[in-house]
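Next come the chains, spelled out residue by residue.
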Amino acid sequence: MLSVALVVLALVFAVQAMRARQLISSALWLAGVSAMVATLLFLYGAQMVAIVELSVGAGLVTVLFVFAINIAGDETRAMPAVPPWPVTAGFTFLFVLLLGWFLLSKTPFQQAVPAAPEATLQIELWNARGLDLIVQVVLIFSGVLGLLGLLAEVDAPLGGSMAAEVMANRELEMNTEVQSMVSQLSDDQDTKR
Amino acid sequence: MSFSPFNIALMGVIGLLGIGFYGLMVSRNLIKIVVALQIMVKGAMLALVAAGQANGQINLGQSMALTLIVADTIVAVMGIALGVQIRRRVGTLDVHDLSSMRG
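Same order as they appear, the protein sequences are chains P and L. Heads up: the first sequence runs through residues 1 to 193, numbered per our numbering. Heads up: the second sequence runs through residues 194 to 296, numbered per our numbering.
Looking at chain P on its own, in the form it has when it is part of the complex:
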């Protein structure tokens, strides 16, 4: 019963994270999802992962999000989705349907290879999945180097012109919208006459 409540709460928080207009609210709802998933993991017997998920997923990543939103500033103007909503809803429905059919139509998992009685997480992690640990270390280093490169205070050679181009594109879109409205109005007046 508790796991059902946690799953429902995680889904509600995820929907709220997507619906929130402000980025900061979105990040906080995401922390809620992380906390619910961490509790679920704890219930399923994965205590170690639950602790790491709670501290990294709900803690570190949320702090990073809040930090980044404070630096970059929120963009609260409405951004309507590019594809029409029936297309997105249809694709999502198809995705969920296929995933549900794939996962829930199977018979329960068989115990394919019974785990060795002495197999603990430490033995599994260091002996059986040693390569994963090396990959993790490489990932962390590449992530740190990438972050340093991205946050370096160097002016981009095209920085000014890119911003000007975006502003010009926006003005062009607004002008075409205004022109279409004006032409529609004049058409309406012509038909009235």
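Source of the hints: derived by calculation from the structure; they are not laboratory data. It cannot be assumed that every hint is accurate.
Pair by pair, the computed Cβ-Cβ distance ranges are [claimed, not checked]: (1) P:L104 <-> L:M271: 28 to 38 Å; (2) L:F196 <-> P:R170: 44 to 54 Å; (3) L:G249 <-> P:S3: 12 to 22 Å; (4) P:V66 <-> L:L291: 15 to 25 Å.
Derived coverage of chain L by chain P (criterion: at least 3 residues anywhere in the stretch with Cβ under 8 Å from a Cβ of chain P; other residues may be distant) [said to hold, decoys possible]: (5) 198-212; (6) 263-275; (7) 279-291.
All C-beta atoms, glycine included, are put in the ideal place defined by N, C-alpha and C.
Starting from the known structure of chain P, fit chain L onto it as the hints suggest.
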């Protein structure tokens, strides 16, 4: 279909992956896209642990989920840093505006 703990976890997995997928399609804000990706990864993590538990190999599921957490955090950090830089230099986080740029 019974409501075993494994099936309950699978429903959570399907819901989280579906919501994240919808968010990826609908969102135009770069930070929001990273949030949608994070939601999808949470679903994948839950699936790994639930499958490990159902298979009697919870430690294998845990070790894979740990790798996933590291990779996911790096992806989030890089996405956020990319968003901050783009916002600083271009002045927007809207991927539609970015994709309409030439050059």
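Review point. Are there three or more residues in the segment 279-291 of chain L whose C-beta lies closer than 8 Å to some C-beta of chain P?
Key: holds (count 11)
Practice item. Check whether three or more residues of the segment 198-212 of chain L sit with their beta carbon closer than 8 Å to a beta carbon of chain P. Key: This one holds; 15 residues, not fewer than the three required, reach chain P with a Cβ under 8 Å.
Point to revise | Whether chain P covers the segment 263-275 of chain L (at least 3 residues having a Cβ closer than 8 Å to its Cβ atoms) | key: This one holds; 11 residues, not fewer than the three required, reach chain P with a Cβ under 8 Å.
Exercise for review: For F196 of chain L and R170 of chain P, compare the CB-CB distance with the range 44 to 54 Å and indicate the outcome.
Suggested key: holds, 51 Å
Point to revise | Pairwise beta carbon distance, G249 of chain L to S3 of chain P, judged against the given window 12 to 22 Å | key: Roughly 19 Å apart at Cβ, these two residues keep to the hinted range, so it holds.
Review point. Is the distance from the Cβ of V66 of chain P to the Cβ of L291 of chain L consistent with 15 to 25 Å?
Key: Since the Cβ atoms of V66 of chain P and L291 of chain L sit about 23 Å apart, the hinted range of 15 to 25 Å holds.
Review point. Does the Cβ-Cβ separation between L104 of chain P and M271 of chain L fall within 28 to 38 Å?
Key: Between L104 of chain P and M271 of chain L, where Cβ atoms are some 34 Å apart, the hint holds.
In terms of the numbered hints stated before, the structure departs from none.
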